[in-house]
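Engineer: One-letter residues, chain by chain:
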Amino acid sequence: MVSLDYSFRRLVNILGPERVSRSPVERLMMSHDFSSLPKIANLQWKTLPDFVAVPRTTEEVSRLVQFAYEAGLPLVPRGGGSGVVGGSVPNRGGILLDLRQMDRIVRLDADRRTLTVQAGRTWKEAAAYAASKGLFLPAAPLGAPASTIAGWYSTGGAGIGSAKYGSARDLVLDMEVVLPSGEVIRTADGTADLATSYANLNPAFFGAEGTLGVITEATLQLSPKPEDLRPLAYSFRDLWAAREVVPALEASDLEPYHVAVYDPVHLAFLKAVRAGSPDPQGLVQVVFEGPKDEGIASEKELDGAMAGLGGRKLGEAVAKAMWDGRFDLYPARRLAGGLVLTESVVPAKRFPDALMRAGRLMRRLKMQVAVNSFLVDRSTVAIVPYFLLEEGRMSAPTALGFVKKWGDAAFALGGHPQGLGLLTAFNFPRMHKGAVGMYGTLKGVFDPHQTVNPGRTIEVWTRYPVPLFDHIPPEVMGIGLDLAAAVRRLAPRLAYVSLEGGKR
Amino acid sequence: MGLLVDRAFLDAATSVPALREVIRDALIEALFTRDDRVLPPEIVAVLARRPSVTMKPKTDVELQKLVRIANGQESTVSLGLGAEDWHYVRRQLAVSKDQDIGVTVKPSVVTTHPWIVPPQGGIEVDPVDLSAIAVDPKGHQALAGVGARWKALFDEAARVGRLVPFFPLVPLDYAIGDALYGDAVFQSYRGPFRRHLLAVRAIASHGTRARIGFEEVANHGTGYDLLGLLQNSMAEFVVPAAVSVLLAPRPRSLRNLVYHFPDAARLGEAVARLTASGRALLYANVYDGGAWALLHPGAAGGAFILEVGLGGAPTVVPVREKAVDALLAGFTAKGADVPSPYDAEARAYARTAERVGRLLFPGYLTFPAKALGDVVAKLGTVGEVAGAKASLFGAVRATGTVSLAPGFDAPKEPPKVYSVSRQVWELARATPGASYLSRLAELWSEDRMYRGRIVLLERLKEEIDSARVVEPTVPLAGPSGRLF
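Protein chains in written order, with our numbering: chain A, 124 to 627; chain B, 105 to 588.
If we strip away everything but chain B, and leave its shape as in the complex, we get (with noise of 0.2 Å):
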């Protein structure tokens, strides 16, 4: 469900006398790909269990009821539910009345892997009903449900003469929402999705409503960064509803700038150079021949392509891609013609993020763009070694940096996810300045710093979530006191 939870579990796991002697990361693997063998049937019982409903609000009041009938506070009946749904939910709900009605929120997509410890019961929100988009027609915000697609949010923009200035790593159909609880990274080249993040709506565990952050102006000096602190765990602390997203305007020229290189290491110089230069983007994807065979069926592309985004006044945007063509010599093929992925029609969107969704997706490594062509081989190897061919999909960032996001030509089982994933991981740490996304990584981290946060958070949950509602965590021990 999410990092906190399965966090506690793996340090309540451990106190199992069954599991005591067992190392960290052996367990992990057994959790992980489900190794019943070596698990006891306590914890067995606990992967094995399934949200005791799905619900699929319609509002954001119909989210609260829903938050504050696990919390007690109100009854199914208020769900005003046809007599043979009502039985359904109340009959589900109360067979799992042994322990906590937790609510939790279920992904649109996963660009990954699920987290180990699944909802236990309770209630699941599918908010794929909770997309109500709605565009600021004067000023540059928007406000969308958190169910609301990013396609459609991008279109939606468009129609009204704004630009959406984040965009997926990852070119899959995700919901906004994907961004506080999936693994959904957005991002433009001059910084990451909190830039364009303002507010959420939200329902706090105690059935109540809150707004962290600002509808519509930044939020500055007014208590801590709430919004920033909790964006990656949303889902453990608030049930969100709706988020509202700064926009920019949509510029009078746009051009999507396609640049072909014959190996990495080249595009990886070129791409330094294009960052030290001060350039302003919209966005510069990566991808390699693979993955652009897959984003565009039967085009013709080189081993490894860069895809820029231009925009800005009329008089501008030529003076710069000039520039651009000159800080990426080496390349053997200009395309400049080539439509916007992000302007493509929904179906034709949504078929293509099929095709790309396919693929497994361990994490994302985010390494200085130098490295490219290092990490490009190594990636190989461990492709080589996992007997599937590696596609990648990446963004560069104006900081001098590329994440990249290898998508695995291999069935998405437990072990193959597992033993890709972590020799990913060991490509990491051998690359200097490099890090890794990924909820194993997660998982596996036991740097003493990194423990000291995630006590601090657990401190916060148990604070905010003092009603057991939003996710809750599974009790098999109890929380230790000292960080460290």
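In isolation and in its complexed conformation, chain A is listed as follows (with noise of 0.2 Å):
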């Protein structure tokens, strides 16, 4: 490994000296994501990178990827820093490539509704852009106005309108990648349509955290713009009464864009910020989009499967509400200074044991923590713990033994945690099983020198570049999340907000 003071030279050489950091505040800016990592965690890895790169060209992207395999740096890309699981948090420093200046829209296609854009533009800003041509995106994540293109491809997310219209991995048609070797590849012919291609390699892509490559540019389906946008809020006495809503969905022939079930606490967190949320209650949202003559009929069908279910309809303005604070979900993550998301899909039809096991859990390790879903396709329901988090507290770490305990909830009902980040990355082999290998071959044939974002798929790396330290093994890992769970049990409770409205 080459010094860093040549390794800042070369950089400057690459990119110029106002697009490459070393300044601590920018580098502590970029050590974490949208969740909180409590300090102790700086034992194990070296958040804090040691450059910050902005790239604004898929060339200048390739030479700085191969300068990092020639001075040994690990690279990390990163997007708007909206991820949830540190997937693009580094575990042992490195060159940070911030790629939020590849921004530009290259082309927009209108005949095939195809928008080619570069990787850092912002889901709500490409979403913006189609709509200003008269299209829609139809997809898009729940942290839109940060979340870069290739940052919610890359945590291989599922968020607002999936229930209709997939994932990100449904509406990427073609990317440009710069692989670790510094050559650029398209990802899939251009031409083709999603249907079926040979030879197509947008799916190593999905999900990886840009472990096997960076993404620079991608191409997005888009779809008409829809005459009709019909948000609903349905009102429950609390979350466990709106249990059987995501499987009565499931099987009911209706097809909603998006569905969301608000836990009461997510509620009261946001009226202890914001005077004016709803009060905390069971709340459903689900929204239609398409012609309005069928949203109507939509409307009618759904409002009687809800009184059916013990819903209460409540007013436009509620829901529009809702709908319009879709992306902004998180303020109260002010009340404790931090917060932390964990994110788990589990069959739909298990929602009801899913929030009793979220529930039991809570109980058990005396915190308030706010359990949000939305549904993911027929069979799918992501559910979206968070917690607040004061990352100098001593007991701070105690409370990720959730995490923990919540991915195996979600193993345990045919499910599967998300992400790919320094916390969950433990996962990985007990997710993958006996195809973990092939996984891990994958890795190797992309990355054979671990140079972007190594050391969280089947290993997870440590700070410590010696043998025997440099890596921490799943079960260990798992051990010692188990550890502070047990440890959080003993440990007092922790809330921040009464259900009856206002701060504790």
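Among the clues, some could well be false.
Said to hold, decoys possible - Simulated crosslink set (DSSO-like; lysine-lysine; CA at most 30 Å straight-line):
hint : chain 1 : residue 1 : chain 2 : residue 2
1    : A       : LYS415    : B       : LYS493
2    : B       : LYS438    : A       : LYS415
3    : B       : LYS482    : A       : LYS423
4    : A       : LYS256    : B       : LYS426
5    : B       : LYS426    : A       : LYS415
6    : A       : LYS423    : A       : LYS443
7    : B       : LYS426    : A       : LYS348
8    : A       : LYS436    : B       : LYS242
9    : B       : LYS482    : B       : LYS493
10   : B       : LYS474    : A       : LYS348
11   : B       : LYS474    : B       : LYS493
12   : A       : LYS423    : B       : LYS426
13   : A       : LYS256    : B       : LYS474
14   : B       : LYS438    : A       : LYS348
For the record, the hints were derived by calculation from the structure and aren't laboratory data.
Fit chain to chain and form the complex, with the hints in mind.
Structural biologist: Take a look at the structure:
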């Protein structure tokens, strides 16, 4: 490995002095994503990158990747930093590639309804651009204002609109990727429909967290702009009372665009920071999108179904307010200064079981957790519990035990936790079982020298590049988090709001 | 056997001194049409090989045994065959011991044509008996053996109130596995087969079981989408045993509407309007008169037919039907009481498939709906040149594209298949926004990026199948080190 001073000079040669930084402030900003990480984590990982590099072209990215290999520095690509599992957080320093300035619209093909954009453009901006041309980008991440095109694809996420249109996987037709060798490749035939094509490498990068290469451009499939967007909201006494909503919608022949179930705790969090938010209650949001006549007919059908489940329809204003705030779900982090999100998917039919387990876990670990959920597709519901975290508090690391236990619950229900980040990568062997070797092989084929976002797939690297201590076995990491959960049970209750509204 | 095997063989063949000067396309033609006059004996020998034995495992345990036998981990004794069969299998496999004993999977139905390189001895798995179907009575998911027929899955799902939401583009009697190692294209109006594919249970080359994907939930954010990456070449990496697919609830109201159009241009315009409307359909199939007559012998049909499947709540479907009628303005007749082709009785479906299967299908063309008139006219010219009438089977996607499988009424002789396929490929290249999915086109492509992708997949195959058991490549030369 070459010296950091030499590396800095080389990076400046590639990008110029204004787009390479060694400033502690910038490096600190890039040392975490949306989820908080207790400071103690720095004992295990060097989350502070050595450099922050801001490329604007694919060629620059290619040169940076080649340099990272030559210098023996890990290179971590990062989009808007809206990930929640530490997928773009360095584990051994190195070069952090901030791709947000690669945000150009490359072309729009109105006939084929495709939009080609650079990887650093946010989903919200891309959607707004499509809308300005009379088209519709039908799915978006929950963090769309910050989440970049490549970022969401790399986290393998589902989000708003996935229930009807699928996830990012179903929208991306073709990508330009800089491989860890520095070579630039197109991942699919740009003219091909998604139907079927051979040698389509798009899926390799879906959910890869940038471990196989750096996505620099993507072609997205757009849809016709819908005539009508109809957000509806239904109130339930509490979250448990809304437990049958997801299985009922799964079994119905309605085709909602988006279905979200909000926990009263979440609404209490919102209320504590925004006075005008709805009162704590089990709140179900269903959105229909498409032709107006079908929207009206679907709404009537849904009203009947929800009434049958004990739901009370809320006014248009509430429904619209919830819909407008769909990308701003976590203002409550300011109550504690930090927040941890953990996402798992479980079979939709097991939604009541999942709620029951989440409740039991909260009681055991004496934590206040908001359990929000949304429908991913017919059979899958994503459950996204989050809790507030004061990073500096001594007991903060113990709260991470919830992340492990919630992942365990998802496995037990036939689902899996999401994410290939610092705190979740240890789940990898458990998720893929007999096929895990193939996943490791894929990383080995694309990145034989472990240059791009290394140490977070089949092995979890630590910050110490010395034998025996250079990685932490997944089982050990799991035991550590189990231990954290056990300690958490002994610690005092963590609660920030009361369900009657207001701060505690 | 597969794309990677064929491409590796082609690359290797060019290193044979006698073929070094032959232009790649001419070489492909000679290999495909088996023009033994221009091929050296070692190549002819490769093309003439056959599997040593064909086995029909009934369970994935038996399938695993076959892989382990090929891998040298078990002996043929563990197959539990009768004395005569055991001696036959042992003798046949021993004959091919001078090469790797590979395991290849035999597709149930091939729409177009086989790959160039046949199985080089070894064990051919006929998955016809891996046909168990289990539909989850509480959820919307089914686990089907790779040999289970799509139609059987459709019927079983219907029996328990579910709908298989993906349909074969050409109405042949495919097995589900044909989408993984054959050339079957399943899709719905809303999306490709991948959207409905949850997981594959497979046997890896070292004889271990592997589940790629998740059987009950979609795969999101768990590392790479290995399932999607390997989907079309699955049997070149692992031996698939069963497939978990996503189902939909069977809608309370189902309608199969048929619209007749006087010409393809008007149909194309109507389809473009339909896809721009954002209306949710189950399927939208396109046929010409010839294809329609094969599907419905004796029934009257226009020159072009659009078959639309609607499903949903009883209050929603009539609204949708009315809107679809308006969007498809220009049709000459409408049939609202035509039964869904997929609800046909299994034997009737198989009979229809048998009729359709006699046609020569070179591949699948995908293009913007507006170009339908142009493409159909050009396909007519291809048919004239080939001296064969084309019947057109197609499906529309919500993205505004049409995928068309032209079936030519011509004998399926390799020279004919080659020339027709080549002409359709030229047609696709001359149509803006069109793509052509065909096994031959994958071999013709010399695009630099495509080549790079293939090299990566070849490296992946080499690593995943380091035991060289799953459809091993035919070694004539070593692999190159660079992508481009």
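Engineer: If a hint holds in the structure, say so; if it doesn't, say that too.
Structural biologist: So, going through the hints one by one against the coordinates:
no. : hint                : verdict
1   : A/LYS415 - B/LYS493 : violated (44 Å)
2   : B/LYS438 - A/LYS415 : holds (25 Å)
3   : B/LYS482 - A/LYS423 : violated (48 Å)
4   : A/LYS256 - B/LYS426 : holds (28 Å)
5   : B/LYS426 - A/LYS415 : holds (13 Å)
6   : A/LYS423 - A/LYS443 : holds (18 Å)
7   : B/LYS426 - A/LYS348 : holds (20 Å)
8   : A/LYS436 - B/LYS242 : holds (28 Å)
9   : B/LYS482 - B/LYS493 : holds (12 Å)
10  : B/LYS474 - A/LYS348 : holds (19 Å)
11  : B/LYS474 - B/LYS493 : holds (23 Å)
12  : A/LYS423 - B/LYS426 : holds (18 Å)
13  : A/LYS256 - B/LYS474 : holds (20 Å)
14  : B/LYS438 - A/LYS348 : holds (28 Å)
The earlier numbered hints that this structure contradicts are 1, 3.
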